[in-house]
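Enquirer: The chain contents come next:
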Amino acid sequence: MTNMDRTPSQLLLDRRGFLGGAAAVGIGAGNLFSAGSASAQSTKTGTVRVWGEPGPYGGAGVAAMNEWAQKNAPGLKFEIETIPWDGVYVKLMTDLAARRPPSLISVESPIAMQMMAEGLLLPVDDMVDKIGRDRLVEGVRWDYWGSWKGKQYVIPAHHQPHLLLVRMDIVKELGLKDPDTWDWNDLLNAAKTITQKKQNMAGFCMALGRNLCTDYHFAALLHAAGGRMFDASNKFEVVFDSPETVEALTFVKEMQPYMPKGAVEYSFLQVVDAHVTGQTAMSFYWGRTLGRAAEEAKPIFEATEAFNHARNPRTSRRSNWNDFQGWCIPAQNNPYIEEVKQALLYQQTSKEWLVKYCHSLMPNVAPTYKDIANSEELRNHPFYKSKPKTVDTYFKSSLANSSSTANELLQGVNPLAGYVHGRSILAQTVQKVVIDNQTPQQAAKWGARELEAIRRENVRLLG
Amino acid sequence: MRRLDFLQSDRFVGLLFIAPFVVTAIVFMVYPIAEAVRMAFFSYNPLRPDLVSYVGLNNFEFIFSDPLFWSSFSQGTIWTLLSILFQTIFGVGIALLLHRKLFGMAIFRGLLLFPYIVPTVVIALIWRWIFNPEIGVINYSLQSVGLISEPIYWLSTPTMAMASTIMLNVWKYTPFVVICVLARLQAVPLELYDAAKVDGAGAFRRFLDVTLPQLREVLIVVIVFRTIWTFNKFEEIYLLTKGGPGTSTFNLAVYSFEQSMASLRLGVGAATGVVMMIMLMIGSVVYLRVAGFGNEEKST
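Residue numbers (this note's numbering), protein chains in the order written: chain L, 1 to 463; chain W, 1 to 300.
Bear in mind the hints are in silico, worked out from the structure with no lab data behind them.
We put the CB at the ideal spot given by N, CA and C, even for glycine.
Among the hints, erroneous ones may be present.
[Stated by the list, open to error] Derived, one-sided and incomplete: chain W residues facing chain L with beta-carbon distance under 10 Å:
hint, residue
1, Thr157
2, Gly246
3, Leu266
Using the sequences plus the hints, can you model the full thing?
Expert: Given below as structure tokens:
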């Protein structure tokens with residue numbers, strides 16, 4: 001019997017059996033799952049704080065956990081606390097520093113990996129065994145979510161690439177080529193054509209503000225050019241001051257005239273706004289834009305399709321920045337560790353809840369397990385019928401182009417990425433070019449110096 | 001017996017009354033300041049509380065060699081000086097208008113306090129909408145009356161972002177200046193104006209020779225307080241521009257926050273706070289001396 005063949009309650013019985021044995025030898029009596037009892041329950045009471053990013057999927061995850069709590073810990077209530085993207089780093093760091101972390105965090109892999117390397121998270125290999133090590137969708141590995149020195153610290157919540165969203169009605173109207181065939185030059189020309197021919201519409205939009213979104217958008221271009229911040233295989237030497245970085249920055253500078261003028265202050269929300277309100281014909285974004293367009297701007301939803309990013313003409317890479325977002329459990333000052341593990345296990349082994357999680361904001365959060373990704377239940381959603389290619393691009397075909405600042409070009413886990421994003425180094429580098437009018441070479445040198453400072457300050461983590 | 005006398009004395013009652021303030025000040029002011037000064041000499045990453053180490057003056061060396069510290073200082077100075085200048089001009093002007101006895105003036109005075117009462121976070125978020133280049137009310141209004149043809153990107157260029165943060169600060173805190181000045185205006189003896197009129201002084205002359213000298217003391221105090229509060233201001237800038245675009249609206253408070261929270265260098269953040277405190281102390285003393293605050297009382 002594989003783990004997925006078991007019901008969540010069967011898995012819980014395994015846990016109870018283990019805890020029963022532990023209790024029998026006088027260990028772990030405080031865990032409160034009494035041995036072999038049909039009414040084995042946690043007697044703990046209170047609210048289990050769970051942090052997640054904005055969006056309904058965190059709530060869907062927590063709903064599953066509350067279902068577990070109703071049966072197994074009636075005194076507990078899991079409660080999601082939504083943290084705005086641009087506030088996630090500060091909120092996490094201040095609360096961890098104040099020693100009042102939540103009991104469970106759903107967070108992007110760069111920050112998860114920083115916390116993991118800092119020793120702030122609980123290893124979860126025992127949970128991975130129960131969830132099923134062979135369940136992951138093709139093209140990903142457990143360490144993409146967060147493993148360090150041989151231990152897994154993060155349980156997958158979803159993967160979430162940003163792609164190129166294109167208004168196909170505009171593309172057809174202007175006689176542009178199929179975006180699937182574009183390289184950077186084609187993208188640039190398309191943006192230019194749209195800007196020139198469509199009044200009050202920018203050709204393209206990406207975030208250029210000093211924020212996380214710009215970090216993520218620029219990272220995709222950097223990786224497509226073959227550039228990186230650090231060399232994971234060489235003691236994380238800084239390799240940012242490179243022709244590849246200059247190439248990516250130059251491309252951003254070339255694209256800027258065809259973006260909304262306000263893009264230099266745009267973050268996540270503003271890029272979505274720009275697309276959904278028709279201010280731009282193309283944008284870099286995750287699936288959330290389509291979800292919101294479906295609710296607020298039906299014609300734009302119907303006209304928009306997602307594509308893997310345009311190829312870098314030199315490397316042919318189409319790298320995206322994939323948010324391998326996972327659940328992680330703070331190891332310190334966390335009074336509900338056992339309950340969180342059980343509740344998370346319940347959610348992770350329930351097809352119904354995992355499908356609900358993905359359906360809560362289609363196609364923003366992609367399934368991480370094969371049995372979910374290939375299930376009929378997942379496909380039973382209107383978006384799958386109206387935009388099968390777009391949904392499949394987000395969910396499956398994008399994985400071949402996955403990259404992340406926490407695992408650059410998938411060449412090794414990088415625990416420094418959280419610090420990089422905390423200080424908005426990539427975004428500031430971009431702003432040196434688009435606001436301060438520095439040359440890409442100067443900006444790359446500045447960024448490299450900042451990255452070197454991060455490496456120097458945190459060399460302890462890299463040993 | 002002596003102890004009983006003391007417990008029944010006015011002196012003891014006075015101490016009792018002042019005790020809550022002293023305790024509160026020690027807990028919420030003296031201790032944090034002392035802790036910040038102490039922390040300024042340590043390297044402290046909040047995620048690694050076990051690795052705190054004494055670093056001497058390294059944190060100060062770091063900030064004094066950081067170009068961003070100096071640009072934050074100069075931007076913060078510009079933001080403070082221009083904010084105070086406009087607050088003072090508008091504050092005095094509005095107070096003079098409100099000093100007239102007109103129908104409905106009491107209601108208007110009450111409404112004037114609105115920006116000062118509303119929490120900064122609410123105001124900053126509202127102003128973000130107001131400044132929105134596409135859907136903001138300012139651009140809409142200016143375009144409607146034909147003053148501009150293209151939207152102004154209020155927060156997207158360094159100069160405009162600085163101007164916008166100053167506008168917000170002036171709008172929010174001018175009422176404070178108005179209240180202080182108005183209170184003083186109502187205490188100016190009318191005989192002074194009557195005498196000036198008899199001497200043939202016009203309205204402008206009366207303002208220069210009677211009103212302004214009477215406002216001098218209150219304006220000195222208001223300017224000192226507003227300078228200290230504005231120079232230290234964090235939330236308006238952070239909520240409106242996050243210090244951007246780029247770092248063009250960073251002031252030292254935002255710099256300190258970024259060092260402490262984003263870069264996790266609490267020691268550097270604390271050192272910045274200590275430097276700010278020293279700068280403001282020196283600036284305030286020099287200003288009060290130059291302005292001659294309290295000289296009149298001494299001479300009488």
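Enquirer: Each of the hints needs a verdict: does it hold here or not?
Expert: Okay, the hints, checked on the actual structure:
1. Thr157: holds, 8 Å
2. Gly246: With a closest approach of 5 Å, the Gly246/W hint holds.
3. Leu266: This interface hint holds because 8 Å falls under the 10 Å limit.
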